[in-house]
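Student: Since chain A is already given, all that's left is putting chain B on it; use the hints.
So the sequences go chain by chain: A and B. Under my numbering, the letters of the first sequence match residues 6 to 324, in that order. Under my numbering, the letters of the second sequence match residues 6 to 324, in that order.
Be aware that a few hints might be false.
Pairs of lysine to aspartate or glutamate residues, derived as EDC-like cross-links and limited to a Cα-Cα distance of at most 20 Å, are as follows [as the list claims (entries may be wrong)]:
| no. | chain 1 | residue 1 | chain 2 | residue 2 |
| --- | --- | --- | --- | --- |
| 1 | A | Lys186 | A | Asp262 |
| 2 | A | Lys197 | A | Asp291 |
| 3 | B | Lys7 | A | Asp104 |
| 4 | B | Lys197 | B | Asp112 |
| 5 | B | Lys7 | A | Asp291 |
| 6 | A | Lys239 | A | Glu301 |
| 7 | B | Lys7 | A | Glu230 |
| 8 | A | Lys7 | B | Asp241 |
| 9 | A | Lys7 | B | Glu111 |
| 10 | B | Lys7 | A | Asp262 |
| 11 | A | Lys239 | A | Asp262 |
| 12 | B | Lys239 | B | Asp291 |
| 13 | B | Lys7 | A | Asp137 |
| 14 | B | Lys239 | B | Glu297 |
Cβ-Cβ distance ranges computed for the label pairs, FRET-style [as the list claims (entries may be wrong)]:
| no. | chain 1 | residue 1 | chain 2 | residue 2 | range |
| --- | --- | --- | --- | --- | --- |
| 15 | A | Asp310 | B | Asp43 | 39 to 45 Å |
| 16 | A | Arg123 | B | Glu111 | 48 to 54 Å |
| 17 | A | Arg20 | B | Glu288 | 41 to 47 Å |
| 18 | A | Asp152 | B | Asp43 | 36 to 42 Å |
| 19 | B | Glu187 | A | Glu48 | 27 to 33 Å |
| 20 | B | Glu187 | A | Ala122 | 14 to 20 Å |
| 21 | B | Arg123 | A | Arg115 | 37 to 43 Å |
| 22 | B | Lys186 | A | Asp28 | 39 to 45 Å |
| 23 | B | Asp104 | A | Asp291 | 24 to 30 Å |
| 24 | B | Ala279 | A | Arg20 | 51 to 57 Å |
| 25 | A | Ile282 | B | Glu10 | 40 to 46 Å |
| 26 | B | Arg20 | A | Asp259 | 45 to 51 Å |
| 27 | B | Gly47 | A | Asp119 | 44 to 50 Å |
| 28 | B | Ser106 | A | Ile282 | 46 to 52 Å |
These are computed hints drawn from the structure, not numbers from a lab. From the three backbone atoms N, C-alpha and C, an ideal C-beta is built for every residue, glycine too.
Protein chains: 2
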Amino acid sequence: MKISEIGGEFALINRVVRRECLDPAVVKGVGDDCAVIDARGGECLLVTTDMMCEEVHFSFRWQSFYQVGWKLMEANVSDIVAMGGTPRWAFLSLALTIDTSVEQVEDFYRGLYDSAARHGLTLIGGDTTHADRRALNLAVIGTAPRDLIRYRSGALPGDLVCVTGTLGKSEAGLRLLLAGKEGWSAGYTQPKCRLAAEGRAIARYARAMIDVSDGLASEIAHICEESGTGAVIKHDAIPLSPETTAAASAVGLDPHDFALYGGEDFELLFTISAEAIEDLRKEFSDFTVVGEIANEDQGVSIMKDGARRPIGRGYDHFK
Amino acid sequence: MKISEIGGEFALINRVVRRECLDPAVVKGVGDDCAVIDARGGECLLVTTDMMCEEVHFSFRWQSFYQVGWKLMEANVSDIVAMGGTPRWAFLSLALTIDTSVEQVEDFYRGLYDSAARHGLTLIGGDTTHADRRALNLAVIGTAPRDLIRYRSGALPGDLVCVTGTLGKSEAGLRLLLAGKEGWSAGYTQPKCRLAAEGRAIARYARAMIDVSDGLASEIAHICEESGTGAVIKHDAIPLSPETTAAASAVGLDPHDFALYGGEDFELLFTISAEAIEDLRKEFSDFTVVGEIANEDQGVSIMKDGARRPIGRGYDHFK
Chain A
6 MKISEIGGEF ALINRVVRRE CLDPAVVKGV GDDCAVIDAR GGECLLVTTD
56 MMCEEVHFSF RWQSFYQVGW KLMEANVSDI VAMGGTPRWA FLSLALTIDT
106 SVEQVEDFYR GLYDSAARHG LTLIGGDTTH ADRRALNLAV IGTAPRDLIR
156 YRSGALPGDL VCVTGTLGKS EAGLRLLLAG KEGWSAGYTQ PKCRLAAEGR
206 AIARYARAMI DVSDGLASEI AHICEESGTG AVIKHDAIPL SPETTAAASA
256 VGLDPHDFAL YGGEDFELLF TISAEAIEDL RKEFSDFTVV GEIANEDQGV
306 SIMKDGARRP IGRGYDHFK
Chain B
6 MKISEIGGEF ALINRVVRRE CLDPAVVKGV GDDCAVIDAR GGECLLVTTD
56 MMCEEVHFSF RWQSFYQVGW KLMEANVSDI VAMGGTPRWA FLSLALTIDT
106 SVEQVEDFYR GLYDSAARHG LTLIGGDTTH ADRRALNLAV IGTAPRDLIR
156 YRSGALPGDL VCVTGTLGKS EAGLRLLLAG KEGWSAGYTQ PKCRLAAEGR
206 AIARYARAMI DVSDGLASEI AHICEESGTG AVIKHDAIPL SPETTAAASA
256 VGLDPHDFAL YGGEDFELLF TISAEAIEDL RKEFSDFTVV GEIANEDQGV
306 SIMKDGARRP IGRGYDHFK
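So that you can see chain A by itself, here it is in the shape it has in the complex (with noise of 0.2 Å):
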């Protein structure tokens, strides 16, 4: 059976993880943005890994050795930050061809531990290979108190649905890339999540977490699946950056569909009760109102022109 049949990617680790665990250490296994691990008394463990690979995760058509780097880097230490997590130790996995050279090699690392840097975490292990295809994974661990840590799951009916800075920018990059078109790519070829600083503040006064890596589509469905709730996201309440919309413009598409079904923005999608926006606002205001958590019944959808529609789902490997 292939598994675009039972439904791609999210139905097949479904099917095959186990996710009962007699580990008592074991908070949160398999279903977040990162594993949480309570192996020392309140302060937690946050793990999370990515892998990249070349020609479907990066190209370097269009992206230097050191801006994939980078973006392995930053990808990983998001899972992280959208959980309140602090970033602290990086293993990195390389599979390369026999034909990258070491100048290539070095300017991809300057990237990684440029990335790094910015987040104060540190590269300490990793595993080097050769492959047909160069392949690339990492995997970072953080640290957090364990009850300042938000789930996927903490959203209930009311609260407000809010994201930081800008959506769309990724895939306005990669479509301008694509059609070969000038303008700002950056958001694709070099984006920067948020600090651990700025998670940690949002952490405090949200209730349900996670990053924009497939779309806001698609991680707003995450949220209302684990929590248990519907959301009506309104339309044009979706913050786009002037680049993202002249983009969009340049290659006749809707930069609100960048928002909702690209990918790595790496920003923060989160949910807040009412009061407590006032104040985390007084912490941390790099963010918008986009919508609201509704009851589970009334599904996930999108508000435009005074109609709703029910909102899709952002990428998916296997669909």
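Tutor: The following block gives chain B in isolation, referenced to the frame of chain A:
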């Protein structure tokens, strides 16, 4: 510049990986079987990661999906066990080709879970994606009391060099498969690493330890480099199984070369004082003395027919 021109994989790592680390929690970074983090007041975390790429590290021409899953887990657990640790939590990244079936993925996970059950650890996170070539990465976290962790760097001149079980099993199996000959190939297709209880027993008495994943020659060289010593390995003392000897005979090669330069036996190589060895033997006895640690200026050599020669190195992915 080509990676092979600077001396291959290990030289590359030495060149690009920055080893200085300002994080006081990091006991050991790059340069041993695992990174060691003391973030818990004496109880350390051991972290290892291993990438396997199709047609380089595994092939479905002679391994089942079950066996590949099994081997990926054993290879990682072996690194934890080789430092005296107990494997606890695993994180899988899986890049699948679009033609991979659900049944194949289920088979792969069964192998992974069966090996995990053998070692009492839990898979609690990961990443699933697609690629043109299948690639797998596993990261495993283990735990160990800080004072019972054994490093590559602890060997002293005069120590006996010992190895568990027998060597060359994996290379023997691979050679049979490559030659299309009948015989015992499970040492390659479905190897078993040592159990944590065995590694812990050895760790209590040994001074240095490493797992045999790249051949005896490479592993003893690692111990000597990190310990600032030399070593003499006795050719005739290297333990070989009847199956390995039979396989070598079938393909017309020397089984000692399988042990010295083959990979993936996942046995433990350790150094121990002559006084401690009898105490160890009361708790664990499935090992053989294969040589002795010497002063650094004597280099790393092998003694055969009364003559010493340099031992050479094991497998390097870029040579």
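Student: Tell me the hint numbers this structure goes against, listed in increasing order.
Tutor: Violated hints (numbers, rising): 5, 7, 8, 10, 15, 16, 18, 19, 20, 23, 25 and 27; every other hint is consistent with the structure.
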